[in-house]
Structure formats: C-alpha cells, structure tokens
Amino acid sequence: MGGRSVKILNKIEEISISAAILVSALLVLFNVFLRLTGNGSIWAEELIRYLLIWVTFIGLSYCVRKNDHMFIDFLPGLLKGNAKKSLVLINYSIGLLFALVFSWFSFEFINFSMNTSQFSPALNVPMYIIYIVIPFSGLLMAIRYSQKIIEVLFRKVEDIR
Amino acid sequence: MVLTLILLMFVLLFLGVPIFVALLLSSITSLWFFTDLSPMIIMQRVFGGIDKFVLMSLPFFILVANAMDVGGLSTRIIRWCRTLVGHFSGGLAMTTQTAASFFGALSGSSPATVIAVGKVLYPELLKNGYTKSFSSGLIIQSGSVSLLIPPSITLILYATSTNTSVGALFMAGLGAGLLYSIVVLGYTYFYSKKNNLQKEPKATKYEFWKATKEASWSILVPVIIMGGIFLGVFTPTESAGIAALYSIFVGMAVYKEITMKKLYDLCLSTAGTTAQIMILIGAASAFGWVLTIAKVPLEMSNYLAEQFVADWSFLLFLNLILLLIGMFLDSTIALVIIAPLILPAALSFGIDPVHLGIIMVLNLAIGTFTPPFGLNIFVANSITKMSLVEMIPGLVRFIVVALVILIVVTFVPSISMVLPDLIYS
Amino acid sequence: GRDSLTSVQAEKEPMVIKLATSTPLMTSQTKGAFKFKELVEEKTNGEVLVDIYPTSQLGSLREQVEATQMGTIEMSISLISTLSTFDENLKVFEYPYLWPTNEGSLWKAVDGEVESKALESLSNNGLTGLGFWAGGYKAITSNNEPVLSPENLDGVNVRVIPSQTLLKQYKSWGGNPVPIDFSELYSALQQGTVDAQENPLETIYTQKYYEVQKYLTLSNHGYQFYIFTVNQNWFDQLPSNIQNVLKEAENEAGEYAVELNIKQNKEYLQELKKTNIEVFELTDEQKQTFIETSTPLHDELSDNKEKKELLELIRSQL
Ligand code: NA
Ligand code: NA
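Residue numbers (the numbering used here), protein chains in the order written: chain A, 4 to 164; chain B, 33 to 457; chain C, -4 to 313.
Be careful, since some hints might not be right.
Below, in silico cross-link-like pairs of lysine-lysine (DSBU-like), each with a Cα-Cα straight-line distance of 30 Å or less [as the list claims (entries may be wrong)]:
#1 Lys327/B - Lys282/C
#2 Lys14/A - Lys151/B
#3 Lys327/B - Lys163/C
#4 Lys164/B - Lys234/B
Between beta-carbon pairs, the in silico distance windows are [claimed, not checked]:
#5 Glu304/C - Lys10/A: 46 to 52 Å
#6 Tyr238/B - Glu154/A: 24 to 30 Å
#7 Glu111/A - Thr36/B: 18 to 24 Å
#8 Lys69/A - Phe42/B: 52 to 58 Å
#9 Asn118/A - Ser345/B: 50 to 56 Å
#10 Ser120/A - Glu247/C: 52 to 58 Å
#11 Asp46/C - Ser120/A: 41 to 47 Å
#12 Leu81/A - Leu233/C: 50 to 56 Å
#13 Ile214/B - Ser120/A: 54 to 60 Å
#14 Ser235/C - Val34/B: 34 to 40 Å
#15 Gly150/C - Glu422/B: 44 to 50 Å
#16 Phe42/B - Glu36/C: 32 to 38 Å
#17 Leu81/A - Val34/B: 25 to 31 Å
#18 Glu36/C - Leu356/B: 44 to 50 Å
FYI, nobody ran anything at the bench for these hints, they're computed from the structure.
Think of the CB as a built atom: it goes at the ideal place given N, C-alpha and C, for glycine as much as any other residue.
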C-alpha cells in the first residue's frame, strides 16, 4: 500500500471516530430535548450506544498505530539493543497473528449473523450491519501491525521505542 | 483448559503485547483446542461486554475531562480550590481526593474518575513537589470511591443480582464512601506534614473573589450534572454527555481557549482513550466467559462456603478471595457471577446482604488499583506515563490504607448500616 | 473383571448441556430450570447432565439467544420480547390487552395451536422452541396519580423497553414513552426523570420500585411470556430417545414453573400491599376504556401475513 493511500486511511479513521464522539454527545442532548417536549424517541439511545461501540472498534486500529494500547512493560523495559528489537518484532507479529485470527472469527460471526434474522430492537436494522465493524476492525489492525513490522525491520536498533 | 488459558495469558502479558490481545488470544486459543465451541462466541462477548448503556457515560466523562482541560475550565477550578485549601498541609493532595469523591459522585465509573481527576491534578501535584510515586498512587486509588459513592454502576449490579434494595445500598455506599475519603484525606494530611510539602500563602479576600468569579462557569459543570440528575431532567449517563457539551461550549464561547482544531484534537484523543478502556472491558468480559464456562468462579465460591464455621473467619477469607479476584477480573463480571453464589453462605452466617454488598464492592474497588491487573493502573498510565514497577511503591501505601478501611468496614457493620437503617426502617 | 468395567464407564462419558436463564435463583424461571435439570438427570440415569447458568451469567438476554443460535449454549429460557427481535412474528404476543386478564383463560388460549404456531415460526431462526413459560402479567406503577384510565397517562413520561409495540401502545394511551436503561430505572423513577413504568410484579417487588413509586395499577394489560429454546442443529441430531426425554422434562418443568409463577405473584402482591405503594385494581368499565383504545392497534401492528394469521388464531382461541 502506497504512502498516499495510508495517509488517506489514517485521516478517514481519525475523522470518523472523533466525529462519532461529538455526534453521540449531541444526540444525548437531542434525546433529552425530545423527552422534555413530550416526543420521547426510542432510537437515539441505541444509536448512541452503537456509535460509541464503533468508536471503540475503529479506535483499536488507531491505538495500534499510535502504540497507545495498555501493556505490561516489564520485559520490554529490561531489554536493549538487538534483544529489544527482536522482542518488539515478536510482539508485533503476535499482534498481526491476533488481528488475523480476530478477523477470521469475526467473519465467521458475521456470516452466522447474516444467516439469522436478528434486528436491533429500536433502529430495526439487521444486527450484522452493526456487527460488521468487528471484522473491519480486525482487518484495520492487521494493516497497522503489518506497517509496524515493516517499520521496525527497516529501522536502526537505536531507534526502537 | 484453565491452565492453558491462564498460562498463555501470563506469557503474552510478560512479553508485553497489549493486554486485550493477551486476554483474547488466550481465550480464543483455549476454546479452539479444548472445547468444541466456536471461538466466534468471543467476538460476541467482546461486543456484549461493552454493549451497555451505562458504560456510555465513560467516553462522555473522558470528553468532559479533556474539554475541561483544553478549555481552561480545570485550571480555573484548581486555582479556586487552591485559594480555598492550598494553605493547609497537603492542600493539593486533599483537593485531589475531594475532587475524586465529587467526580465519583457524578460518574459512578472508577476509570472515568481516574481520568477526570488525574488528567488535571497529576501534573499540578508534581509541580507542587509531591513525588511521582505518591501522586500516581493517590490518583489511581482515587477512582475507588466512585464505586461506593452513589450513583454506582457496581452497586446497582449487586442489587439486581442479589435482590437487595438499590436505595439502601446507595445509602450504605455513601457511608462507606465518605469514611474511605476521610481516612485517605487524613493520611494525605499526615503524609504532607511529615514530608514538609510546600504550602501556599493564604489567599486574600480579593484573590479569592477573583478566582471564584473566573471559575464560576467551570464550577457550574458539577452543578449542572448534580442538579440535572436530582431534578430529574436527565439520567446519570445522559448527564455525562450534557456536561461534555457544556464544557466544550464554555471552552469555546466563554474562555475562547478551544479552537476548531483543538476541538477536533480533543475529540480524537477522547476516542483513543475510549477505545483503550472499552476494549479492556470487552476483553475481560470474554475472558470471564471462558472462566465461567470452565466453572472456575463457581468452584471457588463453593469451596469458600464449605470451609468456614465462624462468621469472622468466613469474612476474613471472603475478603482475601475477593481481593484476589478483584486483582484479576473486571469488577462487574466478578460481582455478577460471584455475589449470588456467596449470598446464601453469607446469610447463613447472619451477615446482612447490604453489608455484604459494601464489603464486596470495596474489595473489588481495591482490586482496581492492585497490581498486576488493576484496571485503573492502566487507565492512569495514559496520564502518568510511568511503568508498572515505578508505580508499585506509591500504590502499596494506598493499598495499606485501603486494607485498614476494609477491615473496619468488614467488622463494624454499623458504618454501612446506619444510613439505610435510618431511612428504610 | 474390574478393568473392563471401568473402561466401559470411561467410554460412557455423560453428555453435558448448558442451560442459561436471565433471572435470579429464586425466580420461577430459574427454579423451573433446576427442576428440568433434576428430571433430565433422573430420567437418563445421569447419562445427560445439565449445567445451569442463571442471572445472565453468560450474557444479556439478546446475547443469550444469539449464543443458543450459535450453539455455544445448547438451551436458554428467554423473554419473548427479546426473541421477537429474532422472529418479528412473536411481536403479536406483546399486543396490549390481547390476552384474557386471568391466568386460567390465558394459558387455555395459549396451550395447543397458538403455542405450536409460534414455535413453528421461531424454528426458521436456527432455534427450536420446546414450550412457553410464564413471566406474569405486567402492572403499571406511577407517581403523579394512579393510572385508572388512559387520561391519567396524558403527557406522562413512561419508561419502556425499546419496542415499537410499546411505543405505539403508550402513545395511543396519551403517554410519552421513553426508553431508560433497566440499570438506571430505579434512580430515574426516584428523581422523576420518568414518572411511570410497566413490569411484572416480580420485577416491581424485587427491584424495590415501591420505594420510589406511589401507585400500582394491576392493569394486566400484557403478559410476559418466556420460551424454552434449544439450538436446532444440535437438537435435531440427538437420538430420538434423548429428544423425547428433553421434551418430557421441559413439559413437566414448564408446568411446575407456571404454577410456581402464579403462586409467587400472589405472594409478591401480598408483600407489595404491605409496603407504602397504593395498589389499584381496574374495574371492568375502567378496563374497557383501555381495551377500546388498544384493539385498533392489534390490526395496525400486524403488518404481514404471518402476524395476521397468528392474530386470527389467537382470537379464535379466546
Ligand atoms: Na459513584
Ligand atoms: Na480488577
């Protein structure tokens, strides 16, 4: 994947999750307004919930890219030089493996969900439409971990975080 | 299966892969190799673990904290608090604990409290000469009170799974939560006195008035939240979203410190923190599901009920087990699975279900800041940027304080029972 | 000799079934589940064992149904209002004032054709329904004034679960239906975010809503059904003698749970009368005004052929 398309992907990822945060807060206000004016709606609550779940799943990829995920830094903190580089490579490879396994079973889950006819109670959309973010998140993470591995391979030992 | 699950998780954690990856990869692997269940259930459990409306207050409170930070609201509140209590020994540390009780009374979410308070006060504590270790410990434990002081998601979960009065539990939680706060306040006072931490000169009337006026828009944030909830305008979860919008409004229109670019950045960083925390809750939920299927929690609590003859030894052991569980499991999962199983044993020892609830929640609250897996430690890591090893000494002193409180709360039931008894009988 | 005996035993490892319920231990649904376990284990001499996971331990109602579809849980006892998001035809069972307002006539109408027609519809979703279980009649609690006619609901914020049926029902009665999450309902009633709510007596009693509500109307406007569901693929490939044992045990445990539910609801009502909440029963006239406003909804909400047929069938059984 070229540098340009990666930049576009990054931008789409960032804009979508930050917009979703703001929109969901505005929806809360709108929902309260509807209730106070006697026009109680049943869809807003569900939409807020699913928006924020989408933020979580898309945000997974963003946090992989930014190295923001929480981890225990005991061993990584001890190692230096080539040992550290190897450990980082191992960890990113485990991450990539995880992302692929995660995507695989998510696709299985979507496939299962498409063969059943479950609809969300309030928005009345098929649940697989809402679940689709899970395999999407898995694939994004796989792209990010691949990028990370390539970055580390071509980087000098001293520059490893 | 359980052995593989736990062993693999530890190895992955030790290597330093993200915690959610360790939890999920070990869960998927153990289902795949040791059962004929499809690991796609893990995907469903991750989704289901975060698909809860009350959890939605979490991103909003993170947004409140970020907006108050970027919008200049937090600095004005702190300036005001300083003119109020800064001249006491440990003034700023005391402000931290008070603010946490306050935020805890708003959010009912322990990690959200750590974020809200820590983001603002952690750098201030460092600037004022508190050590990194003490400050991080103070911040990380400060989330605990939010599980006790109402509204509390955890207490509601306990009430629903054991058929106990939510109102009575809230009253009991308020009693125990206030005790917790007072003891920590006392400890910080003596710590600061002993270490001779710098005090500030007492503010003049004019300085106090000026700080109050400047902070008034900011002080309205908690007023809006509490007022809105108590007047029934919105639910606690909704209040978080409203407070976030209000903070953004004040930061943009009144203080003019939030530009469009900054708004974008603060939403983005909120989204990142949201993903970090929510995925941990989801992954813990999936991991807990595998443990439940393997009957680990069930066997543990059966053992508990069989072993003890006296209520004091039962309570003591209950505390030990709960502390252990709290160290490894998400508090909500631990509570929902274990509370109904322990209740019959507790009732046979004559322990009040409300009192038991407070003991359980306090234990799990301590679990949120106990290494190695206390959720708030990782949450706070986004603020302190300290390694786990660096944080341990600071945490240990607060764990000791909390254990003292736990013993008092366990063996003096009247602390929990006085308010509910007063109101509900 | 000894060795061959143990090896025969080792070959015959018992089959273990996971059964999930969404309700706490003392409820009729979960007690019924334990009855089912007892019967199955007895009838098969321990060749089939049942593990029960109560109180939504394995996930929320929605996730519990989904896991049964997947087959990660073999069986679950699930609310019809949740199952109706998987099979929309089941929404018919939630129509207001569709059912007789006493349990005897209600179960007489449900048992037989209505039940089998509903279970047949459900079977298109990878789920086999073994039978209907009881949840009890819904009652309405309120704070401003007792709900004795639709007028008492004018402009009142009523908490509902997200459901088009309930939305239309309360709108037709003049109320302002708003969804509030179950976990926030107690405090929302306490603070007055909403003034009224509907639930079976069991929920009203166990969630202590009587602490924060003044009036309780035994409106009996709807009935909460549960369905005992099993994973279809799994069930279909079981030997027929095991299938029969499971069916028999479900039948017996279901009857036990219905009776227990009726008995418990009487006890809950007695307990509720001892609290500060004021209990109202509707006179036939009062009920009639609700029924008149609700009946047009039955046809309006039946927006496909299957629902219309189901509705007709139910009407014919009343
Ligand atoms: Na709280
Ligand atoms: Na924990």
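CB-CB spacing for Ser120/A and Ile214/B relative to the 54 to 60 Å hint: holds (56 Å)
Quick check on a hinted range of 32 to 38 Å for Phe42/B and Glu36/C, using CB atoms only. holds (37 Å)
Has the given pair, Lys164/B with Lys234/B, been kept, meaning a C-alpha gap of at most 30 Å? With a Cα-Cα distance of about 26 Å, the restraint between Lys164/B and Lys234/B holds, given a limit of 30 Å.
Does the Cβ distance between Gly150/C and Glu422/B fall inside 44 to 50 Å? At 58 Å between Cβs, range violated.
Has the given pair, Lys327/B with Lys282/C, been kept, meaning a C-alpha gap of at most 30 Å? Cα-Cα ~49 Å, so violated.
Quick one: are Glu36/C and Leu356/B within 44 to 50 Å, going by C-beta? Violated, since Glu36/C and Leu356/B (Cβ atoms, about 33 Å apart) do not stay within the stated range.
Starting from the hint 18 to 24 Å, judge whether the C-beta atoms of Glu111/A and Thr36/B obey it. For Thr36/B against Glu111/A, whose Cβ atoms are near 22 Å apart, the range 18 to 24 Å holds.
Has the given pair, Lys327/B with Lys163/C, been kept, meaning a C-alpha gap of at most 30 Å? Roughly 43 Å between the alpha carbons, so the hint for Lys327/B and Lys163/C is violated.
Using the C-beta atoms of Lys69/A and Phe42/B, is the stated range 52 to 58 Å upheld? Taking Cβ atoms as reference, Lys69/A and Phe42/B lie about 26 Å apart, which means the hint is violated.
Are Leu81/A and Leu233/C spaced within 50 to 56 Å by their CB atoms? Holds, since Leu81/A and Leu233/C (Cβ atoms, about 55 Å apart) stay within the stated range.
Hint says 46 to 52 Å; check whether the CB-CB distance for Glu304/C and Lys10/A agrees. violated (57 Å)
Does the Cβ distance between Asn118/A and Ser345/B fall inside 50 to 56 Å? holds (54 Å)
Hints 1, 3, 5, 6, 8, 10, 11, 15, 18 from the earlier list are contradicted by this structure; the remaining hints agree with it.
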